[in-house]
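These protein sequence lines are chains A and B, in that order. Under this note's numbering, the residue at position 202 of the first sequence is numbered 202, and the numbers go up by one with no gaps. Under this note's numbering, the residue at position 6 of the second sequence is numbered 6, and the numbers go up by one with no gaps.
Treat the hints as calculated values from the structure; they're not laboratory data.
Chain copies aren't distinguished; within one or between two, either way the pair holds.
With a straight-line cut-off of 25 Å between C-alpha atoms, the simulated BS3-like cross-links for lysine-lysine are: (1) 281 to 246; (2) 307 to 208; (3) 13 to 332; (4) 332 to 346; (5) 192 to 307; (6) 57 to 257; (7) 57 to 281; (8) 57 to 246; (9) 332 to 246; (10) 13 to 3; (11) 192 to 257; (12) 208 to 192.
Below, each chain spelled out in residue letters.
There are 2 protein chains.
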Amino acid sequence: MGKMHAITMQDGKINLDDIDIPQPGPGQVLVKSLACGICGSDLHLTRHTSDVFSVYKQLGLMDPGVEGTPGIMLGHEFAAEVVSYGPQTEGKFPPGTRVTGVPVLQSAGGAGVGVTPGLYGAYSEYFIADEALLIPIPEHVSSHAAATCEPLAVGLHSVNRSAVGVDDIALVAGCGTIGLAVMAALSIRGVKTILASDPQASKHAIAKAFGATRVVDPTQEDEVALAAELAGDNNVVIYECVGVYKLINGFIERAPKRAKLIITGVHTTPFEVNFAIPMVKEMDIRFSYYYTPEEFAECLQYIADGKVNWRAMCTGKVGIDGVSGAFDTLLKPNDHIKVIIEPWRKGALTAYSDEGG
Amino acid sequence: MGKMHAITMQDGKINLDDIDIPQPGPGQVLVKSLACGICGSDLHLTRHTSDVFSVYKQLGLMDPGVEGTPGIMLGHEFAAEVVSYGPQTEGKFPPGTRVTGVPVLQSAGGAGVGVTPGLYGAYSEYFIADEALLIPIPEHVSSHAAATCEPLAVGLHSVNRSAVGVDDIALVAGCGTIGLAVMAALSIRGVKTILASDPQASKHAIAKAFGATRVVDPTQEDEVALAAELAGDNNVVIYECVGVYKLINGFIERAPKRAKLIITGVHTTPFEVNFAIPMVKEMDIRFSYYYTPEEFAECLQYIADGKVNWRAMCTGKVGIDGVSGAFDTLLKPNDHIKVIIEPWRKGALTAYSDEGG
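Construct the entire structure; sequences and hints are all you get.
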């Protein structure tokens with residue numbers, strides 16, 4: 001086969017290379033990436049590669065013998081187009097069918113597309129997916145919209161993990177993609193009070209588009225105290241969607257009795273905690289990381305049914321040769337939420353538009 | 001009124017003093033202590049008084065202006081006898097009625113009997129209880145048995161907090177009073193596999209009397225790996241009933257995916273944790289501290305119905321002038337589980353017998 005443009009992140013740097021287009025193995029499909037979101041976890045991995053790898057090794061997710069920091073072909077929030085099938089496949093969808101799905105290769109031992117070293121990722125022109133996990137994108141759903149399905153599933157899963165009641169007070173800390181996805185799910189689940197907190201004023205209107213009933217700047221107002229005050233006899237559920245470990249103790253210390261803290265951001269830095277504090281309040285600290293194929297499909301349906309204002313979270317788009325520059329922008333303080341990569345074209349980071357999606 | 005023998009713990013020392021018998025205030029009852037268990041949290045408080053006070057102050061449970069370490073009249077696991085009523089009471093139970101109950105004084109802002117400085121405790125000959133929280137002890141239930149109701153309620157609450165399923169694998173780490181109480185509740189709830197873990201061989205047979213289906217010495221066998229192996233597709237629920245903070249990371253690191261860790265021991269020392277580990281496994285860390293009056297009453301009913309082998313946890317008893325010596329014994333490595341104080345008599349710590357209970 002021919003060559004393709006491919007993006008690899010290594011040691012915090014984004015490289016654009018020409019490599020061979022991969023061959024799908026048993027159960028696998030070669031797909032062409034149509035759109036791929038840049039995820040907060042991609043940025044975290046870029047900043048903290050060796051921390052993340054050390055956790056992977058500790059958990060047996062990476063061979064402890066791996067030395068240094070192998071490159072990762074990023075990209076797991078994808079919309080793609082079926083190109084060709086490997087052996088032992090059913091050819092379920094004709095070539096050209098637009099698809100999305102859970103970014104996991106069961107065919108490679110459950111490794112993560114766009115996450116595990118050695119796999120291909122959806123930032124690149126082509127990558128490999130499992131036939132069994134692909135779902136077709138409804139015709140009226142744009143590829144950009146479908147690419148937001150993955151983070152929406154993260155949010156839905158977090159809400160499901162929290163077992164929140166409609167009368168509980170939901171406090172969503174952080175109005176990035178995951179925070180917005182949590183708000184969307186809370187709103188769909190009928191939770192009546194959804195407080196969104198973010199110091200960036202630019203995100204407040206967007207939070208409202210995703211269902212926040214009230215928006216707080218936590219540098220101006222104690223958002224946890226506000227949630228506690230509104231809760232009365234109901235519970236406070238704090239969705240940590242910031243990914244800054246230094247904030248966690250503040251949530252624990254300010255949380256009211258019986259509060260649930262749902263850790264949805266990625267944290268790989270050890271920090272000190274005193275379990276007496278959550279103990280006396282009988283808190284739950286629940287961790288939410290992945291999601292089920294059913295939750296993924298549910299989110300695609302919400303998009304198809306117009307129940308999620310996915311458009312409001314898209315702030316930028318970029319071609320494949322602009323990814324490195326986009327990372328430079330995103331790794332500094334910025335106003336972006338979701339930047340969509342279109343690996344099939346060139347072009348620097350621009351403000352988002354539906355065009356081409 | 002007359003004088004009484006009273007036990008106060010201050011700066012890690014147990015003092016026996018003669019003080020005035022207290023007067024019950026509005027809504028309160030003067031009761032005579034018939035039996036009171038020595039709780040692991042009493043020992044923890046004796047070892048770590050200033051740590052605990054500093055947490056109380058941080059949580060607003062103690063006036064931050066309090067200097068030093070005020071004495072605490074310990075004793076919250078009680079069976080007692082009604083003596084006299086204060087104003088604004090109903091006189092529900094005639095003097096002489098044996099009673100137990102949740103050791104809280106709603107009449108003193110929800111302060112804890114035997115815990116909060118300034119209140120009386122059940123290690124002493126007489127103390128003050130709220131009429132509203134007292135429940136009569138059934139005639140065929142001994143005072144010793146009734147004194148074990150409080151720790152049994154702690155165990156039941158922990159099991160309720162865990163929302164364990166009957167097919168989940170319960171791992172109870174620590175076969176002290178609280179671990180045994182958790183096993184009793186798990187057994188009553190119908191949980192099929194109850195692993196008990198404790199390095200002390202003397203506790204293994206007792207664990208079986210409380211419902212453990214298998215007992216493990218964690219210094220010889222990885223109890224968490226065993227639980228994970230037995231779990232298959234079911235969840236592992238780890239009940240931390242040791243109260244040693246240094247063990248917590250070991251549970252988190254070895255726990256399988258979707259494990260729940262129910263922190264039931266008391267920990268007041270800050271320690272370092274890496275949230276990436278429970279994150280990737282989507283763990284729940286739930287904290288269990290108190291219990292409801294309903295859970296307390298449920299446990300008294302279990303005792304009355306012969307569903308809990310409370311007798312098997314009692315290892316010692318002691319008179320009021322032997323409490324200091326008993327603490328000396330219990331604060332060193334020892335084989336005791338529950339030591340019952342009989343404040344109405346004198347005598348050093350001896351092996352447990354039903355006599356007088």
